[in-house]
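Chemist: Note that the protein sequences, when read in sequence, are chains A and B. Read in order, the letters of the first sequence correspond to residues 0 to 432 in the numbering used here. Read in order, the letters of the second sequence correspond to residues -18 to 247 in the numbering used here.
Think of the hints as simulated: they come from the structure by calculation, not from any bench. Among the hints, a few may not be true.
Unchecked claim - Here are some of the chain A residues that sit facing chain B, going by a computed Cβ distance under 10 angstroms:
(1) Gly58
(2) Arg162
(3) Tyr163
(4) Lys232
(5) Ala304
(6) Gly306
Unchecked claim - Below 30 angstroms or equal to it, Euclidean Cα-Cα: the simulated DSS-like pairs (lysine-lysine) are:
(7) B:Lys23 <-> A:Lys232
(8) A:Lys88 <-> A:Lys371
(9) A:Lys232 <-> B:Lys56
(10) A:Lys284 <-> B:Lys125
(11) A:Lys371 <-> B:Lys187
(12) B:Lys39 <-> A:Lys232
(13) B:Lys213 <-> A:Lys232
(14) B:Lys46 <-> A:Lys371
Think of the CB as a built atom: it goes at the ideal place given N, C-alpha and C, for glycine as much as any other residue.
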Amino acid sequence: MRREQGNRCSRRRFVRSTGALLAAAPYAITSSALGAGGAVPASERIAVAFIGLGGHGIGRNLQMFLYQNDAEPVALCDVDRRRVDRALKVVRRRRGERFRCQITRDWREVIARRDVDAVMISTPDHWHVPLSLAAIRSGKDVICEKPTLTIAEGRVLADAVRRYGAVFQTSTEDRSVDIYHRMAELVRNGRIGKLRRIFVQLPAGPDQPGDPRPKPVPEGLDWDMWLGPAPWKPYREGLHQFHWRWNRDYSGGQLTDWGAHQLDTAQWANDTERTGPIEVEGVGKRHETGLYDTFYEYHLVYRYADGVVMHVDSGGTGLRFEGTDGWVGNDSWRAPLKASSPEILRSVIGPEEIHLYTCPEGEHRNFLDCVKSRRDPYFPAEVGHRCSTISHMGNIAMELGRKLRWDPQTETFLDDDTANRMRGRASREPWRI
Amino acid sequence: MFTNRFAVIAGIVALLAVGMAVAPAAEGPDPAAVDQAFEALKTYDWGSDRAPLEALEKAVAACHKDEAARRQLEKRLAAVLGSDVSNAAKDVVCRQLSLIGSAASVPALAALLPDKELSHMARYALERMPCPEAVAAMRQALEKTDGLVKVGIIGSLGVRRDVESVPALVKLLSDADVETACAAAAALGSIGNAQAAQALRGFLAKAPEPVRMAAADACLTCAERLLAAGNKAQASALYMALTKPGQPKHVRLAAMRGLLAVKGQK
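Same shape as in the complex, but just chain A:
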């Protein structure tokens, strides 16, 4: 993106090449850094930088990486200094009070480092792709929160990942959760016959429209950097702490947020994870006043080329796959699997059948393994982009109030100039995709 430079893995190479010297100077380095007591030697640890340290950034992503012995936190970055301080405390609780690493509000300082192997991005959605691209272009691997902000930027991201051979994980746990993995495998292996209909439930909300009035920027927050590529607007208190998700400049609402979970399983089970539906129509409701302008209620119908119809409705979470010979599904997030017959639930997937890629230890473990093996993680950029696209299509169809036809090959809407315009947005200077 801007002023990128660097060779990857130089830190690990440096540690490897100087390991003998350091071993001869035991007072200069701890024994655990060299692998004593079951610890992974520093030379084998993956240097991970953390950009975006809100509730999920610290509470899930940073914490999960701290449990991985082969990951070393080397940078903590957030536009809000208070969050960086909070994150440092969390790391020190686990790694000791003497733990030190780079602390910054400017992600460019992190990306410029040659000794950072991988980046965990947990920012608001409008920064996901620009930051991922900057990291990939400077030779880093990326695990990034979902979803994308637009269809166009998702395509740029997937192309860049392929071009550089980068390891990219769309950061969700679903493909590591047994219920969803099992659900998808049962459908893919024909246990419900030929798939006909998919029902997806996603949460509704927000209930309140939010306060649109500008407020003074809190001390310690770099508001201009928070906005980044989004249109300039004054600071509004109601955007902070997750609630940016209800504003279209920064996200696509519940549909894109939860869609990245449940729609991924739908795509996985339908074997359409690298393509998508060909038609969408639906209706939704938005607050007509206030700060929040994403759809808080939505009812969408998608149609795939093979005739499968997918219904996406707000009002909870859950999945159901209906086929010619039965159904499987569940009633809420991570709820037990149900099926039309006990035989389906007991069914064993044979060795010659389709076994879907998973990693029960979760998305972070899967990512680290892939950084080493150079294999694609279980939710790679192309698949993540296609999943987000379904949600974006739904939002565009609701905004325009009409049925849209989609060509998954060219990733364009058919015969609808306005819808095609809505596939991308200009970035505020100096940022670009």
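Go by the hints and put chain B onto chain A.
Modeler: This is chain B only, laid out in the frame that chain A set:
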């Protein structure tokens, strides 16, 4: 119990689907509501109630197949940009013009391009508008702008893959401002024609350190565009230039992958 819930939902959805299937395209708002929206724009500012403006969004969505209505609405919106309203009001208008704007609204948007506070929203509209006049306006604004505003315009020209901008962008590769040079390289990579490739290849060897990475990335993108267009010779030449030892390892690997793609293309 929960299974029943899905059955109920399925029923509702089926009814909804049938309803939607026969429903006409989005109906436009009451003309009086649109008039009120334009009136509200006169005093609209950050933090104002946006409810009165909702009619504009509905009107834009509804004029999909009504050319006369679209032209009329566009004309009224463009006129607001030349009036004494707040930047917040112009922000609203640019968003709507981004969806229905045509050559007719380009002059009003082009006038905002040099304005530091409104340039982005002007590009927000112009970048989305398929008419050649929109790109021409941004190309012409290159000469009249500098700093971050210019960087933004360069980015939009890259997104639009404007071939006519190539000569100006080639000159900007050697701009003293790092942001400008990086943006020019990225735009040339995105445009990805033979002329852009030639300039990027020449620039790659002499790019100053802060621009080197952007130049390499632009070359990779450009080579891919050339290959997609069937220009294997120039794509290979770019990839070969990127395999030189002076390039970072990840760039060299990407270039090698590119060369394999060239060999593999029939």
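Chemist: Indicate, hint by hint, whether the structure satisfies it.
Modeler: Status of the hints after comparison with the structure:
1. Gly58: Given a least distance of 29 angstroms, the restraint on Gly58 of chain A is violated.
2. Arg162: 6 angstroms, holds
3. Tyr163: OK, holds: Tyr163 of chain A within 10 angstroms of chain B, min 5 angstroms.
4. Lys232: 6 angstroms, holds
5. Ala304: Hint on Ala304 of chain A: violated, closest Cβ of chain B at ~18 angstroms, above 10 angstroms.
6. Gly306: 14 angstroms, violated
7. B:Lys23 <-> A:Lys232: Roughly 18 angstroms separates the two Cα atoms, so the pair holds.
8. A:Lys88 <-> A:Lys371: 29 angstroms, holds
9. A:Lys232 <-> B:Lys56: Status holds; Cα separation ~26 angstroms.
10. A:Lys284 <-> B:Lys125: Violated - the C-alpha atoms of Lys125 of chain B and Lys284 of chain A are around 43 angstroms apart, more than 30 angstroms.
11. A:Lys371 <-> B:Lys187: Distance of about 34 angstroms is beyond 30 angstroms: violated.
12. B:Lys39 <-> A:Lys232: Between Lys39 of chain B and Lys232 of chain A the Cα gap is close to 23 angstroms, so the pair holds against 30 angstroms.
13. B:Lys213 <-> A:Lys232: 46 angstroms, violated
14. B:Lys46 <-> A:Lys371: 54 angstroms, violated
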